[in-house]
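Protein chains in written order, with the working numbering: chain L, 1 to 576; chain R, 577 to 826; chain F, 827 to 1023.
Mixed in with the good hints there might be a few duds.
Each computed DSBU-like pair below joins lysine-lysine, with the alpha-carbon atoms no more than 30 Å apart [claimed, not checked]:
id, chain 1, residue 1, chain 2, residue 2
1, L, Lys-257, F, Lys-848
2, L, Lys-306, F, Lys-938
3, R, Lys-784, R, Lys-814
4, F, Lys-945, L, Lys-18
5, L, Lys-18, F, Lys-938
6, R, Lys-741, R, Lys-678
7, F, Lys-945, L, Lys-547
8, L, Lys-257, F, Lys-839
9, F, Lys-938, L, Lys-547
Hints in this document: simulated from the structure, not taken from any laboratory.
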Amino acid sequence: MTHHDSHHGHGPDDFISKYVFSVDHKVIGLQYLITSLLFLLFGFILIMVLRWQLAYPDQPIPFIGNLILGSTGGVVTPELYNQLGAMHGTIMIFLGVVPLGVAAFGNYVLPLQIGAPDMAFPRLNMMSYWIYLPGGLLMLSSFIMPGGAAQSGWTSYPPLSIINPGQTVWLLAMVLIITSSLLGSINFLVTTLNMRAEGMSLMRMPIFVWAQFVTAVLLLLAFPPLEAASILQLMDRVAGTSFYLPAGLVVNGEALKVSGGGQPLLWQHLFWFLAHPEVYVLILPAMGICAEIIANNTRKPLFGYKELVGSMMFIGGMSFVVWAHHMFLSGMSASLGNFFLVTTMIISVPSVAVLTCLVYSLKGGSIRFTTAMLFALAFLPMFGIGGLTGLPLGITVTDIYLHDTYYVIGHFHYVVVTGSIIALMAGVYHWFPKWFGRKMSEGLGKLHFWTTIVCMNGIFFPMFITGLAGQQRRLYDPTAQLHNLTTQPLNVVSSVFAWLLFLAQLPFIWNFFRSIWHGEKVGDNPWEATTLEWACPSPPPHGNFEKPPKVYRGPYEYNVGKKAAWVPQHVAEVKA
Amino acid sequence: MNGNYGWGLPIQASTFAKEIDLGIYAIHGIMFAIFILWSVFFVYLLVRYRARPGVPSEHWETGTLQSMIPDLIVLGIEICLILFYALPAWSRIKMTVPPEGKSNVVEIVAEQFAWTVHYPGADAKFGRSNAALVDAQNPAGLDAADDAGKDDVVTVNELHIPLGKPTVVYLSSKDVIHSLFIPEFRVKQDAMPGMKIPVWFEPTLTGKFEIGCAQLCGIAHSIMRADVFVHTPEEYEKWLAAQHPQTQPY
Amino acid sequence: MSATATQALGPSKTTTGIPNGKLGVWLFLTSEVMLFATLFTSYIVLRMSAPSWPRGWEELNVPLAALNTVILITSSVTVVLAYAAACERDKAKFNAYLWITILLACAFLVVKSFEYGHKFTHHHFPSTSIFFAVYFTTTGLHGLHVILGIAYFAWLSYWAKDNWDHELFVGRVEYGGLYWHFVDIVWIFLFPALYLL
């Protein structure tokens, strides 16, 4: 499993092994970065098409409608609508945010931050990427396969998912993606435990490393159940079993020819057993990134390092016993609802603790408002809204009304988009100089920031109002139901902001690619940061450090008395 | 009927709607207060501690217990919500069902993409139904051989109920998961194939209300709707008597 | 090899002192435990909610499965002996035991395929009933793990030819053995759960 033989101070020279089948964690990190950003863009394009139908039901898409949907004259059909919805969720979560937050940032930054020359298993690392990419492409290819893509939502509840077309490819792709994540998580755990530089004790690790560590534990324990659940669903589809099908189903007036004896609820339990920890897989790396950027740009130590670490571990542990708060109304025993109500309320406490620590960290600081810092700061109130709106959904009684409405959509998009994705953007601006030796333009960055924040709130805030008015999620045509008519204008507002959000990303895309070659050149440590990734050249060579770094202090030694404005972890003596 | 809906919650038309709304309003009030206070503090910190030449940052990592204060406040609020609101209300609304003798009982079978309502008729007994007998004339698949079904009434995409007593719905599904959602009643419950789940509510207003499906059930999910008609008890009896029993020959 | 890489990566010089490979295998097995635990949980849930459930011994061939249990347990012993031989640097003994393990694993699959074939000729397929769905899915997945083990051991015996003195060699034998024990343990749970209950 370990292959150190190929691990030389200088990397391979030919193009294929240097950039394609590379075993260097930095190249793999960048491969993940570019791929997952492209998937994010693709998932975003899907939802822009979907939102046309929501805003203007049954009308053809103007200008480009005939181009992208020629066969229907530019109208989004119900089949396509459901495909777009299911694939948007799947792509954004499993192919976009998780690979970006965990695999891209984790791969590039984690080994550098702990002073390792590479990941523990470089070839396994390469394999993770080369399983993820085919998995992702397989997922995309389902659009052009007979029957189209999956159309049962990203949650794929049976029996619908078993009788709907398109689901088999979804399941196969999921098995690949899950396998890739599992291999990655093993790699991250071993690397964090085993590859630390001398002196890098656990409690000297940067918060980002801790976040990745807890995330990897969640992936390791939560993904296998989904893999098993997917295998069972795959059997239901291809081998005719009925793990999730009770006897006596009648579809379209015809009795379904299966043996029966299965349980649709079983899937929901297995799925959410993964998918709730998955929420924390989405948010923990984001918290870690924000912690790094906030410490660096306030020029002072993080408030409550130990509380942060403890809270993240507590969140990680608790996330395994809250899953059924997604299922209060599923027909599960109502008294079980009480149990999951209590655990859900408990898990909100450490999340509050993390936010508190990050906000208190600002106190006494000398705050630099770089683009990265703006994104990291925006994470705090935006994630706050996401977290607070989780409260009426986690309370069983109020969830009766709000469950499966747009309120839920607003809630988790505030968590994942204005939370995770905002933080990941912060990470891109923050670590870009390390990746390419050049800075991204701050002016374009700030333009990107303000337009993005306004648009995101413009998209997601109206959803709370439509949700309170009772609009259910996943409706092809909300105006077909009377109670959704009054709030229909808000769907138009959300859609318009969604399309504007796309325009707001153009400066980012331009800024990103232009800066790779033409950005302002910077040295090893442009942000005057203390953690180890800034102790090696930008970009770091193969093998990372000139000589193995030695760690003498905690990760955030800023403004150490009167002696120095900041002291990196690998510096032994503080010079007065 | 459109007067039922606005930019906030729809009108309250069931006995527990008020209780659910109370929770929604109270929680939003708390959320709003927390967020405003927090935001003021946040903006204050950003302005007060912005980088200024000659003013260094302070070196401190952990304060006293003050970092725990927001946690404790949130925890306190949540404990109160659980103990004094969620547990009792949940047990009243979802964990107990009114006795059948004092309620109006119906069965609702969801399918792609319709709601079939089965009323037991005067004898208060449901006739046997069999999925194999379902056709256009017999949407519930009632078995004509069963005497209990002789006076049963079936309606499709219409639910008629009387005012003044609770209605208990035995909810099931023929094919995939659906979800019975009546916004004005604050009622929602998934219809799970293979299960018969009791749902209850007691209307407080007469009139016409809406049923929507709240769980993705296929391509026509958005048009899977039905109307609820709440009648006065007398009108309800009249309506029921005027219905053609399902298994009688036309 | 640069000093940097060797120092941080050498098998005995990790931060915790545990070789990377060993830690990795244990973590991998943890995730495998979660995978099979999920399947067992599903089995329990489905069985408890079923109105009736056939007795395993009435539907399945207990003697064949018992034979398979013996075969798999024996192979667990031989893989340990192969590891001991690798530690003692006895190449011939190592190869002998490794190949006995591979042969036993193949024998397990042969017996299993007889069982499957017998079921198919009696028209018992995964779609026949929820019992057979559970039976074919769990034993099938276990069989895939056996095939993976055979592939690993075959590769190991090939790799051992030129790398007998490789610093990672003994470790790789040990990790294969750990994995093989896990496969064995899964079967020891599957056998009573499916055939005897």
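Going through the hints against the structure:
no., hint, result
1, L/Lys-257 to F/Lys-848, "violated (48 Å)"
2, L/Lys-306 to F/Lys-938, "violated (53 Å)"
3, R/Lys-784 to R/Lys-814, "holds (17 Å)"
4, F/Lys-945 to L/Lys-18, "violated (51 Å)"
5, L/Lys-18 to F/Lys-938, "violated (45 Å)"
6, R/Lys-741 to R/Lys-678, "holds (7 Å)"
7, F/Lys-945 to L/Lys-547, "violated (63 Å)"
8, L/Lys-257 to F/Lys-839, "violated (60 Å)"
9, F/Lys-938 to L/Lys-547, "violated (55 Å)"
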